[in-house]
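Protein sequences appear in the order of chains W and A. Here the working numbering is used: the first residue of the first sequence is 33, the next is one more, and so on. Here the working numbering is used: the first residue of the second sequence is 93, the next is one more, and so on.
Just so you know, these hints were derived from the structure itself, not from any lab. In this text the structure is predicted, and so the values were computed from the model without any measurement. Among the hints, erroneous ones may be present.
[Unchecked claim] Computed list of lysine-lysine pairs in DSS-like fashion (alpha-carbon distance at most 25 Å, straight line): (1) A:K729 <-> A:K688; (2) W:K179 <-> A:K729; (3) W:K77 <-> A:K982.
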Amino acid sequence: MARMKFLCDADRCIECNACVTACKNEHEVPWGINRRRVVTLNDGKPGERSVSMACMHCTDAPCAAVCPVNCFYTTADAVVLHSKDICIGCGYCFYACPFGAPQYPRVGNFGSRGKMDKCTYCSGGPEADFSTAEYEKYGSNRLAEGKLPLCAEMCSTKALLAGDGEMIAEIYKQRVIKRGYGSGAWGWKTAYRETVAI
Amino acid sequence: MLIKRRSGEASRSKHQAVAAGLAAGVLDRRAFLRRSGLTAGALAAAGTIQLGAVRKAQAAGSSAVGPDTVIKKNVCTHCSVGCTVTAEVVNGVWVGQEPSYASPINRGTHCAKGAAIRELVSSDRRLKYPMKLEGGQWKRISWDQAYEEIGDKLMAIREKNGADSVYWLGSAKFTNEASYLMRKFAALWGTNSIDHQARICHSTTVAGVANTWGYGAQTNSYNDIRNAKTMIVLGGNPAEAHPVSLQHVLSGKEINRANMIVIDPRFTRTAAHATEYVRIRSGTDIPVVYGILWHIFQNGWEDKEFIAQRVYAMDDVRKEVAKWTPDEVERVSGVPGEQLKRVAEKFAKEKPATLIWCMGATQHTVGTANVRALCILCLATGNVGKPGTGANIFRGHTNVQGATDLGLDVTTLPLYYGLVEGGWRHWARVWDVPYEWLQSRFDEVPAQAGRKARTRKENMEAPGITSTRWFDAVNLPPEQIDQRSPVKAFMVFGHGGNTVTRMPEAIEGMNKLELLVVADPHPTTFAALDARQDNTYLLPICTSLEMDGSRTASNRSIQWGEQIVQPAFESKNDYEVLYKLATKLGFADKLCKNIKVENGIPVAEDILREINRGGWSTGYSGQSPERLKAHMRNQHKFDLITLRAPKDDPEVGGDYYGLPWPCWGKPELKHPGSAILYNTNLHVKEGGGTFRARFGTERNGATLLAEDSFSKGSDLTDGYPEFTFGVFKKLGWDKDLTEEERATILKIGGEKPDTVSWATDLSGGIQRVCLEHGVSPFGNGKARANAWNLPDPVPVHREPIYSPRPDLVAKYPTRPDERQLRVPNIGLTVQKAVVDKGIAKDFPIILTSGRLVEYEGGGEETRSNPWLAELQQDMFVEINTGDAADRGIKDGQFVWVYGPENSSKAKVKALVTDRVGKGVAFMPFHFSGWYQGKDMRDYYPKGTDPVVLGESVNTVTTYGFDPVTGMQETKCTLCQIKAA
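With the sequences and hints as input, model every part of the structure.
As structure tokens, then:
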């Protein structure tokens, strides 16, 4: 079975935010919720680099470890998903996540949180594939259609790669060998406990 | 533990869920998260966002339809890269966007704008029906009422003040067909004051490049940059303005381990990926280019053979370059000589090398000269006309190249036919409209202020007023405006109101207009400036995604876009509105004499066929709608780098993608288009060519024709002039013409058949025979290092009008005051006053402007898109950390930016950064809706206000115009910044 991963090639990312709006477009994500975002380091200085970030779908995901109601689960493709029916919006996962992925709608005054929302790797949720219920709660299910997450598919410079971990690592490796530099597979050590060896 | 199995089988479409919802009439895609309790709070937090009625579901109707998803392909309406947009349509509703992997240009990808483009069509902030301003209040009216009232007013104004008193502004977001139709419309109305956004983006590029080697366009393509070993990006930030182009740029950089040099006053997001960044003072491009050339000539790195064969008067440039020693270059531009030596050596020796530029080079009072200097750098190093080389000019809007080609320009007719009798007669023949009737439509201009009177014919041949000066043509004393009357009415199609400099004066002009009509998907800034009470109309126009038509990308590839969905709300397409308006004005029969009109709408394909019938001069003759549609069907067959399809393909065999112009002869000739201009290594039939012999054959005893250089397989093995029937007879090639072709030529030529040329021969015979002989129809000339017809034949440095270096103004003054394009240009007077008054002391910071990736142009459309608006919610000014510290300004706080004219000021947030150097500030130009600190949201018609509003940078920009094209100065003025 494939092990799905994300890899952002920071030497290619130009902070164009296509991944952000592609996600909004695909899932109709409302204002205020950002399943994906681009973070720029050393903004405006030599060495400026941008990285597109979302849920990395970690191996032994820390969000799942801290969830008091056990709403997280890992699919056979190693995608980390959660059930909004079970989620109580406690926010623990936000503190556990090394990537700041979990998002919460503000549903009332005094900062009370709604149910957590995050990147689904374009693969829906626990409901039946393509069901209206799945679509309403989690957005579309591209993976079940045989497609990859739209953010990576639409990345303007093909910096953001999605797919089987071994395949995208190989693509990245070839790229680095060809061009002679690479700042590494950002976040991989944290998420997957491995790096791409060049 | 929850587990859902994935079989990995793609059995059903996600659209079944969507379609089911649509069929039930209850669910649109927007509704899904709302139901999960996600949106309520988020929306409240957003404040201004209201997800209105479920328009899409209503549009789909409630009849049960199966999961039929129709795929439609169009082209992104934002920048000029030309990304294919693949839309999934269910029940007439655009429900999803898929990556367009087949397109050789974008290969599935988009930037933030392209990935969010579906929202343009479903936006509830669009202008929904025609409106008029009555006593300062917006009122809904019907289309019929709009046509009637606007038509009557136009006729009354024309009666009283003449045809030139109505100013027509077209759009770079038009399709080619709409551009052409509007240019024709203006001709039938009887004015040359017809312009569009090219004026304020690349008009100087078109003038500078065309005057160097023939055509005003990108010589190579985005894809071809993959071949470059060295690339210089000067005055451009494609990472934000053309993000998808970076896919090709960065691939080239990686595959060839190419040098990527960025020259810019600002350390841009593009510079962040460069191998070398050169920071210059804004407005010193010519000193920097000459600084590079100084090292090239000094070390003998120039391409001597190329210069001898294909360049005229390079020695004139050497003399000017000799003045720009490394010391003087550093004194003026701030760039150390050693750094430029490194750049020079790479550009001249690590070939192929390409030059990429955008508005940082063009939007200056020396814009045309800048562009000329850049072309000369390419010529000196032999970096033109081969793969991996060239002037890769990234145009701005989706169809700014096409709209320029099709003549939305005050100095040309469609396809660059000049405003001379020959040009007019050519189009009169194509249109089947009597030349004399066209002439009768133009004003007679009386003598005034010492200027001679103009007859109708002379006025017909006089360039119009540029869009940068429309309000000067309203505000100035009438005797200073060289036409019958000042401008009284302004017809704006698809153009923001905040894109032209000196906004306070533009508002004054708006006040004085007798009629203002804005035809656009959005109300635009014009609606929100509190300048008018009455006689103002808003016409809802659909986007190009909601209509058929072709668009020309920056690389000259023409792509056919098919209508994705029906126009939203009551909006209509440009074809219909122009046709209906022409009907009211009484010349619809002439506008569409040979164009089919179905249900009151001119047919796009038929308009293109008319363009084909007349577009010989630029090779717009071979791109029939059928061929273009075949290209869209067969996108996947075109090569990523060469853009060429395999020769054995039955439909598109051997073609370059989008038949990049020139695509010679009639469509049946199957010319493949020209992916790289002036490429002598290819046969003309294969897209090869030479420099255009456009400027005669000889000057001051020196030949203007190429020497020992010709395109592959040419029957003529030396330079040659452009081809006419007369030249054909001398060569004996007239015998190769068919009887039919000869008859057409003789009919066109009348008493002077010898003058019928490759550009006026409607039979296409001259071009066909040229191709048989392997020669370029437009001749084989030399590119000009000295363009004697321009104000500065060899570019010279001139300080900006608002120079931060008054000490340099005496040595490098701007050009003397002069009358240009019907209005005075008093640049030198202003520059003197700036020095005399010591403006640079009171306004010590250089102000430059540019793009953000999320927004585009005036920004009304993109700021109305919540997916984009969320990413940039505030107008800002980038201010250097040192300057901010001096002023006690903290990051994120409000500041006032003061401009040196009109006591102007703008309230914006401070972004404190070293991205700009000390003494430099940068503001994006996409914002409007605030004016000098005041929020103008209430002035928009209800429900059409963009999500994000902000101050327009052009509130504080200043005087300054290029002498050739009237380009405005937006990249270099002065300002002061204080904490608010």
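Now the hints, each set against the structure:
no.: 1; hint: A:K729 <-> A:K688; result: violated, 33 Å
no.: 2; hint: W:K179 <-> A:K729; result: holds, 22 Å
no.: 3; hint: W:K77 <-> A:K982; result: holds, 18 Å
In the structure shown, a violation is registered for the earlier hint numbered 1 alone.
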